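Q: Throw the hints in and build the complete structure from the sequences for me.
Listed below are the residues making up each chain.
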Amino acid sequence: EAGVAQSPRYKIIEKRQSVAFWCNPISGHATLYWYQQILGQGPKLLIQFQNNGVVDDSQLPKDRFSAERLKGVDSTLKIQPAKLEDSAVYLCASSPRWELFFGEGSRLTVL
Amino acid sequence: AQTVTQSQPEMSVQEAETVTLSCTYDTSESDYYLFWYKQPPSRQMILVIRQEAYKQQNATENRFSVNFQKAAKSFSLKISDSQLGDAAMYFCAYSYRNTNAGKSTFGDGTTLTVKP
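Line order of the protein sequences matches chains A and B.
Positions 4 to 114 (my numbering) are the ones given, in order, by the first sequence.
Positions 348 to 463 (my numbering) are the ones given, in order, by the second sequence.
Hints are supplied without guarantee of correctness; some may be wrong.
For lysine-lysine, the following DSS-like pairs were computed, each having C-alpha atoms within a straight-line distance of at most 27 Å [said to hold, decoys possible]:
1. Lys417/B / Lys450/B
2. Lys417/B / Lys402/B
3. Lys74/A / Lys47/A
4. Lys450/B / Lys74/A
5. Lys86/A / Lys47/A
6. Lys425/B / Lys402/B
7. Lys18/A / Lys65/A
8. Lys14/A / Lys81/A
9. Lys425/B / Lys450/B
10. Lys420/B / Lys450/B
11. Lys420/B / Lys402/B
12. Lys47/A / Lys450/B
13. Lys47/A / Lys417/B
14. Lys450/B / Lys81/A
15. Lys47/A / Lys420/B
16. Lys425/B / Lys462/B
17. Lys425/B / Lys47/A
18. Lys86/A / Lys65/A
19. Lys65/A / Lys450/B
20. Lys81/A / Lys47/A
21. Lys65/A / Lys81/A
Computed footprint of chain B on chain A, listed as stretches where at least three residues anywhere in the stretch have a Cβ under 8 Å from a Cβ of chain B [claimed, not checked]:
22. 39-49
23. 100-106
Since the hints were made in silico from the structure, they are not lab data.
None of the values given here were measured: they were computed from a predicted structure.
A virtual CB, placed ideally from N, CA and C, is assigned to each residue, including glycine.
A: Here you go:
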């Protein structure tokens, strides 16, 4: 069974630039999550999708972050404009029910 | 809001020995899940063990077991016969036991070093 795929693995940008991350969840997993993991901290939920609808985006900084899940499968997370404090690993996870299956993450460095 | 606290930023253990990682949480709910996830360096996070709050029996998965104290809101992970491959960051996590059961709150992790 293929795991959760994420790209790119690494991205370096300057502040005020934009960046997009892509996630392909495990086939059949209806729920998809984006987490932000700052160095030395645990993952923090940004947004949760159920199929192609948003369930919870209360922690998403909507002035600069946006996310969508097309046709209930792939998802993209965009940051525009990026700030220094956005430097983190962005983790995508999918879930059939209660267990989270994580991708390898996309590491963002904002200079 | 639910919070998860891991008070040990770093732990070390000698290979083949036993180590216990601590976790406390705060919730007003009575029915929930607790998890331990493992994140090896530069690799993806994977589930180690899960405990359902309504079950009194502590969960066990091979060398990994938990000590779940519901009244004390404590959830520790014991790793027996530690192996070099156990070296990783370990995260304790909490989740409602409902349709959003995958939406988890994580602690800040404990880095485990295994010495040969």
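Q: Could you run down the list of hints and mark each one as holding or not?
A: Hints versus structure:
The suggested pairing of Lys417/B with Lys450/B holds, with an alpha-carbon distance near 20 Å, which does not exceed 27 Å. Pair hint Lys417/B plus Lys402/B holds up; C-alpha atoms about 10 Å apart against a cutoff of 27 Å. Between the alpha carbons of Lys74/A and Lys47/A the distance comes to roughly 25 Å, so the proposed pair stays at or under 27 Å and holds. Proposed proximity of Lys450/B and Lys74/A is supported: the alpha carbons are some 21 Å apart, at most 27 Å.
The hinted pair formed by Lys86/A and Lys47/A meets the criterion: a straight-line CA distance of about 17 Å does not exceed 27 Å. Taking the CA atoms of Lys425/B and Lys402/B, the gap is near 18 Å; set against the 27 Å cutoff, the hint holds. Distance restraint check for Lys18/A and Lys65/A: the Cα-Cα separation of roughly 17 Å lies within the 27 Å cut-off, and the hinted pair is therefore satisfied. Using a Cα cut-off of 27 Å, the hinted pair Lys14/A and Lys81/A holds, with the two alpha carbons roughly 13 Å apart.
A hinted pair counts as satisfied when its Cα atoms are at most 27 Å apart, and Lys425/B with Lys450/B qualifies at roughly 24 Å. Simply put, Lys420/B and Lys450/B have alpha-carbon atoms about 19 Å apart, close enough for the 27 Å limit, and the pair holds. Restraint check: the Cα-Cα separation between Lys420/B and Lys402/B comes to about 14 Å, which is no more than 27 Å; the hinted pair holds. The straight-line distance between the Cα atoms of Lys47/A and Lys450/B is roughly 10 Å, inside the 27 Å bound, and the hint therefore holds.
Our distance criterion of 27 Å between C-alpha atoms is met by Lys47/A and Lys417/B, whose separation comes to about 24 Å. Taken as a hint, the Lys450/B and Lys81/A pair is honoured in the structure, with Cα atoms around 21 Å apart against an allowance of 27 Å. About 21 Å separates the Cα atoms of Lys47/A and Lys420/B, which keeps this hinted pair within 27 Å; it holds. Between Lys425/B and Lys462/B, the direct Cα distance comes to roughly 17 Å. Compliance with the 27 Å bound is thereby established for this hinted pair.
As the CA atoms of Lys425/B and Lys47/A are separated by approximately 25 Å, the hinted pair is consistent with the 27 Å bound. This hinted pair checks out: Lys86/A and Lys65/A have alpha carbons roughly 13 Å apart, not beyond 27 Å. Restraint check for Lys65/A and Lys450/B: the C-alpha separation of about 19 Å stays at or below 27 Å, so the hint holds. Between Lys81/A and Lys47/A the CA atoms are separated by roughly 16 Å; this keeps the pair inside 27 Å, and the hint holds.
Taken as a hint, the Lys65/A and Lys81/A pair is honoured in the structure, with Cα atoms around 10 Å apart against an allowance of 27 Å. Coverage of a stretch by a chain is defined here by at least three residues with a beta carbon nearer than 8 Å to that chain's beta carbons; for the stretch 39-49 of chain A and chain B the count is 6, and the condition holds. Counting residues of the stretch 100-106 of chain A whose CB lies closer than 8 Å to any CB of chain B gives 6, so the stated coverage by that chain holds, three being the minimum.
Violated hints for the displayed structure: none, as all numbered hints are satisfied.
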